[in-house]
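K.L.:
So the sequences go chain by chain: R and C.
Using the numbering used here, the letters of the first sequence map in sequence onto residues 1 to 462.
Using the numbering used here, the letters of the second sequence map in sequence onto residues 1 to 462.
Simulated from the structure, these hints should not be mistaken for lab results.
These figures come from a predicted structure and were not determined experimentally.
Glycine residues also receive a C-beta, built at the ideal position from the N, C-alpha and C atoms.
Be a bit skeptical, because a hint or two may be false.
Derived coverage of chain R by chain C (criterion: at least 3 residues anywhere in the stretch with Cβ under 8 Å from a Cβ of chain C; other residues may be distant) [what the hints assert, rightly or not]:
(1) 7-17
(2) 78-85
(3) 139-152
(4) 299-308
(5) 317-328
(6) 367-379
Protein chains: 2
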Amino acid sequence: MTYDPASFEAYIEANRDRFLNEFGQFIAQPSVAAQKRGVREMAALVAARLDATGAEVTLSETEGSPIVFAEQGPPDAPRTLLIYNHYDVQPEDPLDRWKSPPFEMTIRDGRIYGRGVADDKGELLSRIQAVGAWRATQGELPVRIKWVIEGEEEEGSHHLNGWARAHAAQLQADGILWEGAGYDEEGRPMFGTGVKGDAYFELRCKGPSHDLHSSVAPMVPNPAWRLVWALSTLKDQDETITVDGYLDHVAPLTDAEWAAIDALPMEFEAMRERWGIDSWLTGADDFHARRRYISEPTLTISGIHSGYTGAGSKTVLPAEAMVKLDFRLVPDLTPELAQDLLRQHLDRRGFTDISITMLGGEAPAKSPLGSLVERAAVAASQDAWQKTPVMFPWFAGSGPMHSLSTRLGIPVIFAGATWHPNARAHSPNENIYVEDYFRSMQFMGAFIHRFATLPAEVIDSA
Amino acid sequence: MTYDPASFEAYIEANRDRFLNEFGQFIAQPSVAAQKRGVREMAALVAARLDATGAEVTLSETEGSPIVFAEQGPPDAPRTLLIYNHYDVQPEDPLDRWKSPPFEMTIRDGRIYGRGVADDKGELLSRIQAVGAWRATQGELPVRIKWVIEGEEEEGSHHLNGWARAHAAQLQADGILWEGAGYDEEGRPMFGTGVKGDAYFELRCKGPSHDLHSSVAPMVPNPAWRLVWALSTLKDQDETITVDGYLDHVAPLTDAEWAAIDALPMEFEAMRERWGIDSWLTGADDFHARRRYISEPTLTISGIHSGYTGAGSKTVLPAEAMVKLDFRLVPDLTPELAQDLLRQHLDRRGFTDISITMLGGEAPAKSPLGSLVERAAVAASQDAWQKTPVMFPWFAGSGPMHSLSTRLGIPVIFAGATWHPNARAHSPNENIYVEDYFRSMQFMGAFIHRFATLPAEVIDSA
Chain R
1 MTYDPASFEA YIEANRDRFL NEFGQFIAQP SVAAQKRGVR EMAALVAARL
51 DATGAEVTLS ETEGSPIVFA EQGPPDAPRT LLIYNHYDVQ PEDPLDRWKS
101 PPFEMTIRDG RIYGRGVADD KGELLSRIQA VGAWRATQGE LPVRIKWVIE
151 GEEEEGSHHL NGWARAHAAQ LQADGILWEG AGYDEEGRPM FGTGVKGDAY
201 FELRCKGPSH DLHSSVAPMV PNPAWRLVWA LSTLKDQDET ITVDGYLDHV
251 APLTDAEWAA IDALPMEFEA MRERWGIDSW LTGADDFHAR RRYISEPTLT
301 ISGIHSGYTG AGSKTVLPAE AMVKLDFRLV PDLTPELAQD LLRQHLDRRG
351 FTDISITMLG GEAPAKSPLG SLVERAAVAA SQDAWQKTPV MFPWFAGSGP
401 MHSLSTRLGI PVIFAGATWH PNARAHSPNE NIYVEDYFRS MQFMGAFIHR
451 FATLPAEVID SA
Chain C
1 MTYDPASFEA YIEANRDRFL NEFGQFIAQP SVAAQKRGVR EMAALVAARL
51 DATGAEVTLS ETEGSPIVFA EQGPPDAPRT LLIYNHYDVQ PEDPLDRWKS
101 PPFEMTIRDG RIYGRGVADD KGELLSRIQA VGAWRATQGE LPVRIKWVIE
151 GEEEEGSHHL NGWARAHAAQ LQADGILWEG AGYDEEGRPM FGTGVKGDAY
201 FELRCKGPSH DLHSSVAPMV PNPAWRLVWA LSTLKDQDET ITVDGYLDHV
251 APLTDAEWAA IDALPMEFEA MRERWGIDSW LTGADDFHAR RRYISEPTLT
301 ISGIHSGYTG AGSKTVLPAE AMVKLDFRLV PDLTPELAQD LLRQHLDRRG
351 FTDISITMLG GEAPAKSPLG SLVERAAVAA SQDAWQKTPV MFPWFAGSGP
401 MHSLSTRLGI PVIFAGATWH PNARAHSPNE NIYVEDYFRS MQFMGAFIHR
451 FATLPAEVID SA
């Protein structure tokens with residue numbers, strides 16, 4: 001199996017206009033999962049592009065957006081690669097802050113603007129087009145490729161887990177190439193072998209049937225106080241999560257993982273400045289802040305509301321109180337475990353009147369360091385970009401990786417890069433550099449080659 | 001000094017149409033303090049009515065609404081009565097829920113509808129008209145009367161305190177007749193010799209410069225958590241206020257005060273049903289719930305807000321958190337004391353980053369039981385209505401009583417009644433019974449007589 005990057009890149013160069021034109025069609029098709037707007041049309045467009053590269057495509061229905069599943073390459077190829085991306089995008093509002101229409105490709109100063117160009121349509125299409133360029137220039141694919149392209153990532157991937165469970169046999173692969181994380185401030189691609197999980201709950205406590213005059217406070221239970229008291233038992237002022245038994249489920253990290261964390265380049269000063277804070281939480285130094293950022297589970301109050309919150313004073317005793325709690329999960333925590341332990345913890349302290357609703361849950365995902373996909377991605381980064389990526393043992397953010405990787409036992413790499421630090425994903429004026437779009441295709445060509453040809457195991461020299 | 005109720009009441013009967021016509025003019029003049037709408041015109045209308053009864057009237061300017069101050073009756077009368085009412089009203093919205101225009105007197109089924117008919121224009125004008133009726137039928141007043149009629153009661157009486165301090169000498173009197181509290185469910189007038197005070201604070205805590213993605217939670221302080229932790233130190237789960245040193249300032253009640261509280265008729269079952277609660281706070285029985293209602297200071301979370309509080313999930317770490325705290329004050333607590341102790345308490349625990357803004361403050365007011373005004377009011381209730389009032393040692397609500405009574409050392413009685421339990425003060429379709437309007441005039445005639453003639457001191461028979 002040989003790979004000729006020169007012909008591959010010459011083909012890309014010769015077809016730039018066509019590739020950008022196809023990208024413009026992707027951008028022009030709204031696919032806002034939160035509003036179920038255009039997702040079906042977008043899935044059809046993705047399917048058509050895959051079909052054009054010779055893939056067998058299935059639009060697989062779920063109770064939400066359809067999942068585009070496709071296969072191509074020799075069925076008897078020695079290795080199978082699973083590629084994950086998503087075709088849905090965040091809502092475009094506030095519309096008045098866009099300098100050009102969100103669903104229209106606009107190129108200004110070397111950047112492509114439009115909703116979803118960074119997250120995740122640019123990478124998705126550049127990967128499909130790269131496979132087309134491979135076939136046009138290198139011949140048959142050296143690996144079997146399976147595509148899983150979902151349409152609800154921005155909404156929490158609510159149906160991916162059940163779908164993956166039902167299609168487990170079809171999804172077997174030797175490695176997963178996940179969507180990429182972009183470049184850091186110094187232009188280094190950021191790769192990772194996992195993500196934290198997330199469990200998001202809404203807690204509610206009810207008091208009287210309607211807001212009462214606060215003079216009755218000596219007689220009537222106040223749900224805001226009850227919620228404050230309950231919350232104060234969940235995390236102490238040293239930032240330690242005190243939900244009974246919770247921390248017992250945090251798996252220790254290996255020395256290699258700690259070393260990988262300590263090696264992560266982070267712009268500590270710039271981050272503090274950007275966020276407007278003087279020092280890290282609990283006064284931690286940079287070294288420990290980084291360790292905590294990556295390694296620790298979190299319990300965040302993302303929102304809290306009760307009673308009157310307008311200007312001035314209103315002397316009421318509120319009828320209801322609500323809090324939104326975001327738990328970031330590290331192995332071996334799961335959303336179900338978080339919910340069970342939280343319920344038991346509250347019940348044990350008499351807070352049986354506080355209801356818990358899970359609004360979203362994704363288990364953490366972690367692949368062992370040194371997997372084939374990881375090594376292939378690092379090599380491809382060096383081949384295509386002459387850059388060694390920054391490697392995160394896992395990212396502090398979350399995603400639906402668990403459903404496809406940890407659960408199915410397939411190693412995964414979060415790799416590739418179309419985003420730059422000011423890409424404004426999820427915000428108005430989302431953009432990527434035109435050249436990063438084509439560099440993503442170069443990475444993809446190199447990755448296919450490396451994934452097909454690297455030895456299966458690392459030979460330990462020690 | 002004699003009083004002939006028959007001629008007084010015959011005069012009222014003969015002038016019903018004129019009195020109601022004048023009341024209609026009062027209702028037709030909007031006087032919404034919150035919007036500074038019509039307050040000046042309303043003050044002039046009140047002044048004109050007082051002038052017509054022979055009073056010397058001054059429109060006393062403040063930085064807010066003018067205070068109508070008036071004096072009448074013999075300057076050398078042996079006793080001086082100070083009367084407090086207010087001419088401002090609550091905003092009329094929501095307008096679409098009124099069955100007739102809020103600023104138009106409408107009489108339906110024996111009730112008068114209009115904004116302010118209960119709170120407080122009906123009682124205000126009926127008292128002025130009663131003084132006119134006295135002079136028309138009984139001759140010279142047997143007491144000196146001083147009127148203090150403010151125009152910012154619904155907004156927190158922000159300028160009354162400073163005004164009263166500046167006019168202390170002019171305000172000297174032997175007793176104060178405060179605005180009345182209305183009738184209870186069984187038609188008994190509710191009188192009182194004081195009110196709780198109130199201190200209302202907004203606390204704010206700032207975190208990062210803007211809402212951040214919650215994945216940074218291991219590194220960035222969360223103002224919502226800080227506020228929750230701070231709040232949890234202010235009151236414990238047994239509902240005991242734990243602000244350092246706070247409860248040391250609560251004066252013990254006398255046996256007579258406890259006896260007066262225990263004698264208060266309260267519709268416990270109906271109250272629980274109306275408020276939609278199964279039991280009183282901390283499971284107290286009715287007897288102790290009543291004692292706590294009247295005797296205890298409170299600390300109420302009236303509102304709390306931070307971060308995302310809309311539908312579904314948003315994984316943010318909020319930039320700011322805010323809480324509104326309502327302290328009901330019993331003697332000898334004051335708003336200033338509450339603020340100082342709260343600040344010290346928070347500082348001592350490291351919450352120096354939480355700001356405190358006082359949005360409103362009124363000290364508690366309490367007159368000794370058995371004062372001349374109290375005895376005159378009870379006797380007048382029996383004279384005019386053949387009813388013994390329910391006597392509250394103090395009301396659980398608050399008002400600007402302290403400025404005129406406690407501070408100036410003048411006993412006060414919260415007496416008279418125009419409201420019935422469904423008067424809907426502060427709400428659409430505010431109303432009083434037509435007959436209660438005229439009964440308020442009868443009470444006023446009897447009260448003037450009793451205040452002028454009762455012995456100054458109670459002779460203790462023990």
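K.L.:
Look at each hint and say if it fits the structure.
P.N.:
Hint by hint, here is what the structure shows:
Counting residues of the region 7-17 of chain R whose CB lies closer than 8 Å to any CB of chain C gives 0, so the stated coverage by that chain is violated, three being the minimum. Look at the region 78-85 of chain R against chain C: 0 of its residues bring a Cβ nearer than 8 Å to a Cβ of that chain, fewer than three, so the hint is violated. Judged by the Cβ-Cβ criterion of 8 Å, the region 139-152 of chain R is not covered by chain C as claimed, because only 0 of its residues qualify and three are needed. Residues of the region 299-308 of chain R with a Cβ under 8 Å from some Cβ of chain C number 10, which satisfies the need for three, so the listed coverage holds.
Residues of the region 317-328 of chain R with a Cβ under 8 Å from some Cβ of chain C number 7, which satisfies the need for three, so the listed coverage holds. Three residues within the 8 Å Cβ limit are the bar, and the region 367-379 of chain R against chain C gives 0, so the coverage statement is violated.
The structure does not agree with the numbered hints 1, 2, 3 and 6 stated previously, though it agrees with the rest.
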